[in-house]
Structure formats: structure tokens, C-alpha cells
Amino acid sequence: MNDETFLNERVEVVATFNDGLKLCVPRIFRQANGREVRITKLGLRHPTVVGRRTVHVFDVTDGQADYRLEFDSERLTWHLTREGDHYA
Amino acid sequence: MRNDYNTARPLIMHIDLNSCFATVEQQARVRLRGRPVAIVNRRTEHTAIITASYEAKACGVKVGMRFRDAKKICPDIIMLESDPPKYRYVYHKLLKIMNDYSAHVRMKSIDEGVIDFSESTAQILGRDLKDVGMEIKHRLKTEIGEAMRCNVGLGTNRFLAKTAAGLHKPDGLDEVWAHDLRNMYGSLKLTDLTGIAHRNQARLNGLGIYTALEFLDAPVQVLEKQVFKSVCGVEWHQRLRGWEVDKRDFPLRTVGRQYVLEGGHLTRQQVLERLHHLAEETGAKLRSQRMAARGVAVYAKTYEREYWKARRILPLPFTSDRAIYEIAQQLMSGGAPTASLREIGVNCYELTEDTDRQLTLFGDALACERRLVSAIDTINNRFGRRTIHSAHTLETNNYIRQKIPFGSTRYL
Numbered sequence: 646m647n648d649e650t651f652l653n654e655r656v657e658v659v660a661t662f663n664d665g666l667k668l669c670v671p672r673i674f675r676q677a678n679g680r681e682v683r684i685t686k687l688g689l690r691h692p693t694v695v696g697r698r699t700v701h702v703f704d705v706t707d708g709q710a711d712y713r714l715e716f717d718s719e720r721l722t723w724h725l726t727r728e729g730d731h732y733a
Numbered sequence: 125m126r127n128d129y130n131t132a133r134p135l136i137m138h139i140d141l142n143s144c145f146a147t148v149e150q151q152a153r154v155r156l157r158g159r160p161v162a163i164v165n166r167r168t169e170h171t172a173i174i175t176a177s178y179e180a181k182a183c184g185v186k187v188g189m190r191f192r193d194a195k196k197i198c199p200d201i202i203m204l205e206s207d208p209p210k211y212r213y214v215y216h217k218l219l220k221i222m223n224d225y226s227a228h229v230r231m232k233s234i235d236e237g238v239i240d241f242s243e244s245t246a247q248i249l250g251r252d253l254k255d256v257g258m259e260i261k262h263r264l265k266t267e268i269g270e271a272m273r274c275n276v277g278l279g280t281n282r283f284l285a286k287t288a289a290g291l292h293k294p295d296g297l298d299e300v301w302a303h304d305l306r307n308m309y310g311s312l313k314l315t316d317l318t319g320i321a322h323r324n325q326a327r328l329n330g331l332g333i334y335t336a337l338e339f340l341d342a343p344v345q346v347l348e349k350q351v352f353k354s355v356c357g358v359e360w361h362q363r364l365r366g367w368e369v370d371k372r373d374f375p376l377r378t379v380g381r382q383y384v385l386e387g388g389h390l391t392r393q394q395v396l397e398r399l400h401h402l403a404e405e406t407g408a409k410l411r412s413q414r415m416a417a418r419g420v421a422v423y424a425k426t427y428e429r430e431y432w433k434a435r436r437i438l439p440l441p442f443t444s445d446r447a448i449y450e451i452a453q454q455l456m457s458g459g460a461p462t463a464s465l466r467e468i469g470v471n472c473y474e475l476t477e478d479t480d481r482q483l484t485l486f487g488d489a490l491a492c493e494r495r496l497v498s499a500i501d502t503i504n505n506r507f508g509r510r511t512i513h514s515a516h517t518l519e520t521n522n523y524i525r526q527k528i529p530f531g532s533t534r535y536l
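Going down the list, the sequences are from chains Y and W.
Take 646 as the starting number for the first sequence in the numbering used here and just add one per residue.
Take 125 as the starting number for the second sequence in the numbering used here and just add one per residue.
These are calculated hints, taken from the structure and not from any lab test.
A few of these clues could be false.
[Claimed, not checked] Each computed DSSO-like pair below joins lysine-lysine, with the alpha-carbon atoms no more than 27 Å apart: (1) K210/W - K667/Y; (2) K232/W - K686/Y; (3) K293/W - K210/W; (4) K210/W - K232/W.
Construct the complete structure from the given sequences, taking the supplied hints into account.
This is the structure we're talking about:
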């Protein structure tokens, strides 16, 4: 069994918006407690729909742990929804 | 019926994502790459594995195995709960890539599809289709992610294309021509053939057919009259020779949902709440296909391997969750086992298109119900699934999760 933490924490995110296939890539996020995480790799970005709202889900890593960030395209908010460092 | 092999150019391409859900998770979670991963529907030790990564398969882990047993042979295995929206996204990306090469694309399930190049443009047909296969593999990596891999098979019919796709897993690309057929079948067991599982194998063994090559060489009369005792025998005779017999769609006959209960300790009331939840999901699926049903079937399985089922058919078609649940509940109350239930399921059958039907003489109640159901669906489509549902199923959301639609792509 692995351990994952499920969260719903509003975070501040610095992201770059690019041409090409990876249109939006989160680079750094900061949690409410001031902890700053520098993202080293974006694994997958996929959209989900909540009714007619589109929420973009970003699975990212900082090399130490995996994180899931969710960007609500209607409300323009970022949330950290999952953190897993279970396979170190 | 043709007795010869189909010598035409292989124009059917089968694409199969390798260990799809595990690969998608390894793509998403970078640190899982190269590690044994098992995808499950529920985070318990007793749950069955629905997909294992190739690293887990190398340790002997198989699909369907309980996680607890997999852990014994592969202690480092990592359990992940399935994430259907992620797989649905990859499905749509794959479909989009495939649509760029032909107007005749058919997805067979959430992780595999078929491209028929027979009516493609001269530009596409002028290329070596193995190059097209390589290009699709490359696009999968660039447009979804570098960890994505797929098997590609080319054949003269859907069966041979799928068989070719399974020859060199993972990440294979094979083309089967008529002159390769005997070599290919020589390397395969009967159960390696799609559609031949243990029961069909036993049927074939009963007539002295033990290998794929013997199956190929069996006379059509033997297959039709003695082995399959139906037209299936003729179809197998043609299929094995590369003639197309599987290019057909099947109409929707049943819509349903089943659920493995959290344990055998649930009270009758809790079981009925879960049954109600299944009825609501079945109703939503039914209406999403614009269908109405006249029949409801329910079943229950116990830990003692007892299997119980019951069904009822009504004179008028219905679509509402309430109608489905009321019938299902009545059926369950009419003799379903009460102790140590393991699994329950609801199915609707006798489906017809849900057009605006003529109201019955006493149809006011029906018309009201239709308007109510339509309003609820509109709200759920606007604000998200299960925004409005019965108060009876308030607790069940924590247990019954969204399911990966295996087999059918109707709900993707």
C-alpha cells in the first residue's frame, strides 16, 4: 500500500504559457505555509469537466515528490489536490 | 466463402496502448517510471488488479490478481487507484491522432482502436503503412508523453491486425501478409487467438485441434457442424484466412452497473442504498444514449459463490432512476440472499429509442416524471454529475466511484 495525501489547498503558481504542445506549464508553486516547490517536470496535463466548468489537472514533480495541481479555467484558481512521496 | 488466404495488401491497422492505465499513470507520475505499478478500483489489499505495468508483469503479476497476492510475489509493487478522466483524455488524444490518417476509425475500447485504410487518400496509401505506424507511435510520445507506448499490427482483417499487434509486446509493430500466416500461427497457442478462451479451446480440443495451425487447417464443415455448431465456424474459417467478418456494429441491448460491496457486513438498508445508487447511474447511462427500457434485471452474488438473479418486464418504457430503482428493489425483496453479499448489479433491457411517446390515457404522472428527470439531468450536466440525486444515496458517493467503461466506448 502506498501513501498519498489528498488535499484541497489553494496555492500560488507561477506558470509559463507557450507555443507548441505544452501550452501551459506550472513552474513554481507556493503553499499557504510559505513552502515553495520548484517543479522540475510536467508528467501529464489533462482536462476534466465539472459540469460545464473545465478544470485542467497537472501531474508534476519536483524530483522528491509527485504533486497534482488543478487549474480551474472559469474561476482562475490553482489548487494543490494531491501529494505523494511514497515511492522514495 | 473463400478457401484461399487473403493475399491483399494489409490495410487494417490495430493500435493497442500497452498496459494502458499503468502506462498513463507512469506518464503522469514521473517517479513511477520503471517501477512495478498496479491499478486498482479500490484502495484495499483485497481488491483485484485491473492493469499492471510491464515491470509488475515481469515479476509475475497478472490482471485480475488480488493486490494482496501480487504483493507477495512483487513486494515493491505500488498500488494506485484508477483515474478515469485521465484515461479518457488519453483515449481522445489517441482517437484524434488516428483520425488524421483515415475517415474510418473505430475505437474498440478505451485503450485500442482500428484504422481502416482501404478508402484512405492516395497520399496515405502511397506510403508504407509500417511508416505510418511508426509515425503514430512517435506522435503518441510527443503529443501525450514520452512514456507512452503502443503496439501496432497490420493485417488484411481486424482479427489479423489485432493478432499482429500482440506479437511483440510492448511497443511492437508487425505486419502480417498471407505468406506469413502459417509461420505466425505456428508460433501461437490456441488461446493466443483473440476469441479463443478456455471453453472454445476445449471445443477445439474435443475434435483433435490442439494448435493454431491445426485450427487454420481444419475443414470449414468441421468448424461449422462439429466445433462451433453455428455460423461462427464459417466465420472462424474466414477470419483465420484474413477475410473480414468482424466489420460490424452491435446495437445497444443492455445498460447497467454493478458494484462489489465493501464487505459482507452491510445491513439490508445499506445494500438497498447502494442498489439505488446503481439504479441512478444506470438511468443516467440510459438517458445519455437517448434510450428507454422496458425491463430491469438485478443480480446478487455472495461470498459463498451463490448467484441469484431476477428480472421483470413492464408494458411501457421508462427512463427514470426512480422507476428503475422501484423495480430493482421489488426484485431484490423477492428472494435475494440477505447475508454475506459480495456483489450486486442492475441492468436495463428491452431498449428502445426514447422518442416523444404518445401519452397514455392516464399519462399525466408520466409526463411530470419525464419533465422532472429532464430538469435533473440539465442541472447535473451544468454543475457536474450527481449534483442532484436521491437523499437515499447521500452516503454512497463515498463508496461507489466513477467506473472505467471497459469494452464499450459509448460512454467515453
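Going down the list of hints, with the structure as the test:
This hinted pair checks out: K210/W and K667/Y have alpha carbons roughly 16 Å apart, not beyond 27 Å. Between K232/W and K686/Y the alpha-carbon distance is near 33 Å, which puts this suggested pair outside the 27 Å criterion. A hinted pair counts as satisfied when its Cα atoms are at most 27 Å apart, and K293/W with K210/W qualifies at roughly 23 Å. Distance check on the hinted pair: K210/W and K232/W sit about 18 Å apart at the alpha-carbon level, within 27 Å; holds.
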